[in-house]
Structures are given as C-alpha cells and as structure tokens.
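Residue numbers (my numbering), protein chains in the order written: chain X, 1 to 290; chain L, 1 to 314.
Be aware that one or more of the hints could be misleading.
[Stated by the list, open to error] Take a look, some chain X residues computed to stay more than 10 Å from chain L by CB distance:
(1) I21
(2) P51
(3) I61
(4) N64
(5) F70
(6) S72
(7) P77
(8) L86
(9) D103
(10) G151
(11) D188
(12) G212
(13) N221
(14) R234
[Unchecked claim] Okay, the calculated beta carbon distance ranges per label pair:
(15) P105/L to K194/X: 49 to 59 Å
(16) L29/X to S174/L: 27 to 37 Å
(17) L24/X to S174/L: 37 to 47 Å
(18) G70/L to N191/X: 50 to 60 Å
Think of the hints as simulated: they come from the structure by calculation, not from any bench. All C-beta atoms in this analysis are idealised placements derived from N, C-alpha and C, irrespective of residue type, glycine included.
Listed below, chain by chain, are the residues.
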Amino acid sequence: MTSYDVQPDYVESKGVGTGLISRLLLYLLLILFGAFFLLPIIWMAVTAFKPFVEWLNPNWIPINPTLENFQSIFADPTLPVDRWFLNSLLIAVIFTLLILIIDAMAAYAYARMEFRGKNILFGLLLVTLVMPGIMFLIPNFITVARLGWLGTYQGVIAPGLSGVFGVFFLRQFFQSIPKELEEAAIIDGANTWKTFTTVILPLSRGALATLGVITFLESWNSFLWPLLILGNNRAMQTLPVGLATLQGQYTFDYGKLMAGALVVTLPVLLLYVLLQRYIVQSIAMTGLKG
Amino acid sequence: MTEIAKSQPEDSRIPGAVQRWQRFNMTPYLFILPHLIFFSAFLAWPFAYGLYISLFEFDFLRPEYRPFVGLENYLNLFNRGSIQFDDFWRAMGNTGEFLLWSVPPLVILALLLAVLLNGRFRGRTIFRTIYFAPYALSVTVAAVLWWWIFQSQGGLINHYLEQLGWPTPNWLSSMPEAWIAITIATIWWTIGFNTVIFLAALQEIPSSLYEAAAIDGAGPSQQFWYVTIPMLRPVLVFVITITLIASANLFGQPFLMTGGGPLQQTETVIYRIYIEGILRNQMGSASAMSIFMAAILITLTALNFKLFGQNTQR
Chain X
1 MTSYDVQPDY
11 VESKGVGTGL
21 ISRLLLYLLL
31 ILFGAFFLLP
41 IIWMAVTAFK
51 PFVEWLNPNW
61 IPINPTLENF
71 QSIFADPTLP
81 VDRWFLNSLL
91 IAVIFTLLIL
101 IIDAMAAYAY
111 ARMEFRGKNI
121 LFGLLLVTLV
131 MPGIMFLIPN
141 FITVARLGWL
151 GTYQGVIAPG
161 LSGVFGVFFL
171 RQFFQSIPKE
181 LEEAAIIDGA
191 NTWKTFTTVI
201 LPLSRGALAT
211 LGVITFLESW
221 NSFLWPLLIL
231 GNNRAMQTLP
241 VGLATLQGQY
251 TFDYGKLMAG
261 ALVVTLPVLL
271 LYVLLQRYIV
281 QSIAMTGLKG
Chain L
1 MTEIAKSQPE
11 DSRIPGAVQR
21 WQRFNMTPYL
31 FILPHLIFFS
41 AFLAWPFAYG
51 LYISLFEFDF
61 LRPEYRPFVG
71 LENYLNLFNR
81 GSIQFDDFWR
91 AMGNTGEFLL
101 WSVPPLVILA
111 LLLAVLLNGR
121 FRGRTIFRTI
131 YFAPYALSVT
141 VAAVLWWWIF
151 QSQGGLINHY
161 LEQLGWPTPN
171 WLSSMPEAWI
181 AITIATIWWT
191 IGFNTVIFLA
201 ALQEIPSSLY
211 EAAAIDGAGP
221 SQQFWYVTIP
231 MLRPVLVFVI
241 TITLIASANL
251 FGQPFLMTGG
261 GPLQQTETVI
271 YRIYIEGILR
281 NQMGSASAMS
291 IFMAAILITL
301 TALNFKLFGQ
311 NTQR
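Start from the sequences and build out the full structure, keeping to the hints where you can.
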C-alpha cells in the first residue's frame, strides 16, 4: 500500500485475483455491447437473404437462402435501384472532390497568406459554425428552386460546398507544416500555386484523405436535403431517399426492404472497415479541437 | 510620353502608394474565391434571406401574392388562436421530450463505453470498429432497420419478449414506446461518435496524474471521479452541446419509423418545419419557426459553455 514503485498503468496495478475477475467482467460487457451494435446489421443481411415464407420466422440462418429479394428490387422498373446507386456514387464523388479542391485552396490562403479583410472573413466563417443548419434549409431550398435546380445533381451538391468545417480542418493542418519547406520552393523559383500543389498538398495527403473519407460518408448518407431536392423525381434520387421510397412502396415486404438497406449499406461499410483509421481520427480531432 | 510617365521618377514621388500597390496581391483572393462564392450564396445569403422572408406570407407556389406581414409569423407562434400554435408547441414539447430521453444515455453510455475501450486488452481495435460501425450508415438504414426490428408483428424484439412471456407492445404506435424505439435506434446509430471523442480525450490525460492519485491512495472509482472527470470537463461540455443540438434536429427517425405518430406525438420541430415549409409551402412561417428554433439552440449552446465550461477556451 505504501510502496512507491508504482506500476505505470493504474489498470494493471490491481491484485491478480481481482484482475482476472474484472478482466472477465470487462470482456462480458464488451461483448454485450458488441452484440447490440453488430446484431442488427447481421439481422438486416439475414432478412435480405430470406425467401418470402421465412421473413416472419426469427431464425438467424436462412433455411433456403435466396437472392430473390435483390432480383425483384433490381428488376422493378418503378424502383431504379441501380440508377439510385449511380446517383449516390456520382454525387458523393463529385461533392468530395470539389470540397477537397475548394476547401484546400481557401484553407491555404487563410493559413499562410496575408490579405485585406482576412480576419473579418475568417471571423464570419467561424460564426457560421455555431449556427444551426435548420436556419438555412428553407432559404436554400428557395434559391435552388429559383435556379431551376430541383431534381438535379447540382441542386444537391452546391449548397454543401459552402460548409466551413473542411476549411478549418485543413487550415489547422497547413499551419503545422514548417514554413521552411515552402521557402525552399520559393527560392527555387516556384510561384504560390506551384508551392501549393507541389509542396503543401503532397505533405497533406493524410489530412486530405481524412477529410475526403468523412465528406464522402456524409454525402452518401445524407437524407433530409436530397429528400427535399430529389424527392419528387424518382430517377434522380439517391439511395437513402430511394430507400424511403422503397419503404413507402413495399411497406411490409421486409425482405425486399432489407435487401435495399443492404445495398445502401455495403459500400459504406466496406469503406469504413478499410479506412476506419481516418474516420475515427477525424472525429477524435473534432473533439480535441472543440 | 506615357512610357516616361510610368517609369522610375513617379515611384520616388509617392513611395507609400506604390508600396501599397506592390503589396496588393490578387493571389490570396483567387485562392479563397471558389469557397467564398458558395459560402456567400448558401450560408451568408440564406441567413439574410431567411430573416427577410420570415416577415412575409410567403407561399412558394404563389409568387403573385406575398404580402408583408411584419412580425406576424413570429407572433403566431405565441398566439393561441393561430393555425400554427398547437402544432408548433406540440412539436416543441415532443422535441424537448426526446432530449430528455436521448441526451443522458448518449452522453453517459458513451463515456462508459470509452472508459471500457480505454483499458489495455486484446481485441481493442475490433471492439472499437464494431461500436462505431453504425455511425457509418445512413439515417434511413438505421431507421428502416429498427422499424423492422420493432414491428409488433414479426419484429425481432416482440418475438423474444413473447418467448419470455412478457407483454408485446405496439412499439411504433403507442406512447411512450415510440420514443423508446426512436431513442434506441438513435443511440445505436450515433453513440459511436461520442464514444470516439471521449476515447481520444481519455488518451490525452497524462498517466502521471493517475500515478499521483494512486500514490495518494485513490482507488479506481476515486481516480475516475477526481482525475478523469475533471480532466474531461471541456470535452464533456463539448459532447453535451453537440448531442443536444443533434437531438434537437431529430427528423429522419420519426419520419421513417413512426411518421410522426401516434397522433403527431413524435412529430419534432424539424419535422414540423418540413411540413409547414415544404409540404404546406408556407415558407415565411416555416422560416420564422427555423429562426426561433435556431435562437433557442444558440442560447442553449452559450448557456452550456457558460455554466459548465468556465475554464474552456477554444
């Protein structure tokens, strides 16, 4: 009790007996919570592969696994699921690329350049961070409608490009890059644009990847805005909006509904498993900055 | 002649102006321009335009009839006789109720999960991956999936409840079961976000503090209350704030799970604004509701930081 050669980690400084029990308890809790998070996703997949007669049976392994749910949602001409998939992909890819380009450029100026009005402009960006998105919903809908962009890709994409999170995120990162690297490039005769593209951007690959991944996810998963802009145009809908349409049409056709949900989920789940380091990192940074 | 006028001597006459001219550089503006265009069009403009149209009776489909009504759209929110009053305050009450249901578990449980994941044990990364996975899904997937699980006929929950011999409620069409279902779906979908933020903050706490506490004879629970919690305070305020705001913005879950029912009792403010502005085309009145709601959220955020975050600086 009074010994001063304390172990470095307080978790491990406990006795052996209690350590074993608490370790077991820890794993028990971890597995219980793990089941809560994982089982619904598995249940979605299980239902999607069940034939009609099995939907209402609670078996966790389909007796006669089938692809008929997928086939019928892809075959239904009123539900262009493959088109929705393409819409989602196209919107997410274009949105992500534009965010990366636009935000990186702006972030570089705010991080490294001196210009008139910089502080006022940056302050304005800061202020909008605390403004709830609901304030902008109706006016932006009117703007998009006036531009004739209802039911179009640009109607979904353009308003999101105004966001300031990416600018802040990249500005923080750019400021951490040693100035000497840029100065060396300038001495070698590079202009600002060249310095930006050949020195700054390659050094920021990690930050750009992080922002890219979360931006892609945000776009792929967003619901309310695409619902407003694309809700009345079936062929232009994204997968999440399409899934709501599917729910309206197949109300109690759970197998087809879960097949649709799985189609929406698989790409992001794959992306998440492959790139979770970046996603988790970016969220952790949000918290530490805040 | 003009050649001469432009050349050296003029430079020496007004050096200040020339220096300023030489210092003026278009480059920074060109770099911020693309973002500034979108920022102006879709954040700055709608801020002003939203305030403006909230002073009109603004039906999007009737451009010829848009009378100026002053503050009427706002006053209607406080006038018992108006068409908006009952629906709006029911939605406010519902949103408040959801805050009570969802914020405590989303904060406390997330902290608990983060503490669990912060220990040293095998499989940590796997558990973290699993806990966070639902956050990568769309709200539509989360909502439709839990809508299926909570179905009173054929849903998984009622199946197991039945096997246990317990009552099997109509989860999505009775109160307060509908809130419980929406809350569980929301926790499942979003708690990973808070957990990751807490986890990162826990890892920032220097282990020397725990060592010092251990030397002073503090056990694990004392260490938690006297080291972890005070050190987490800024992050705790941050997480409570973003959770309050996220919960106050609830829309997709009731939209897809309950349709706002039973009897509009899960119809939230955002849901109401959607109905008023998009389905009923009453955009002036919907804007007034949005601004009122935004004012409340900003006040809530400010209060939260003032009350609980004395020593937090951004």
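Verification of the hints:
1. A cut-off of 10 Å between C-beta atoms confirms that I21/X is not in contact with chain L; the least separation is 13 Å.
2. No Cβ of chain L approaches the Cβ of P51/X within 10 Å, the least distance being about 15 Å, so the stated non-interface status holds.
3. Against the 10 Å criterion, I61/X stays outside the reach of chain L, whose nearest CB is about 14 Å from its own CB.
4. No Cβ of chain L approaches the Cβ of N64/X within 10 Å, the least distance being about 18 Å, so the stated non-interface status holds.
5. With 10 Å as the threshold on Cβ separation, the claim that F70/X sits away from chain L holds: the shortest Cβ distance comes to roughly 16 Å.
6. The Cβ of S72/X sits about 17 Å from the closest Cβ of chain L, beyond the 10 Å cut-off, so the non-interface label holds.
7. For P77/X, the condition that its CB be more than 10 Å from all CB atoms of chain L holds, with the nearest at approximately 22 Å.
8. At the 10 Å boundary, the C-beta of L86/X stays outside the reach of chain L, the nearest C-beta of that chain being 16 Å off.
9. A beta-carbon of chain L comes within 10 Å of the beta-carbon of D103/X; the shortest separation is about 6 Å.
10. Annotated as non-interface, G151/X keeps its C-beta farther than 10 Å from every C-beta of chain L; the closest such distance is 14 Å.
11. Distance to chain L confirms D188/X as a non-interface residue, since its nearest Cβ pair spans about 18 Å, more than 10 Å.
12. Against chain L, the non-interface label of G212/X holds: every CB pair exceeds 10 Å, the least being about 15 Å.
13. For N221/X, the requirement that its beta carbon stay farther than 10 Å from each beta carbon of chain L is not met, with the minimum near 4 Å.
14. The non-interface label for R234/X is consistent with chain L: the shortest C-beta to C-beta separation is roughly 16 Å, beyond 10 Å.
15. Between P105/L and K194/X the Cβ separation comes to about 52 Å, which falls inside the hinted range of 49 to 59 Å.
16. The hint said 27 to 37 Å for the Cβ distance between L29/X and S174/L, and at roughly 31 Å that hint holds.
17. Roughly 39 Å separates the CB atoms of L24/X and S174/L, a value that falls within the hinted 37 to 47 Å.
18. The hint said 50 to 60 Å for the Cβ distance between G70/L and N191/X, and at roughly 54 Å that hint holds.
Going down the numbered hints, you'll see the structure goes against 9, 13, while the others check out.
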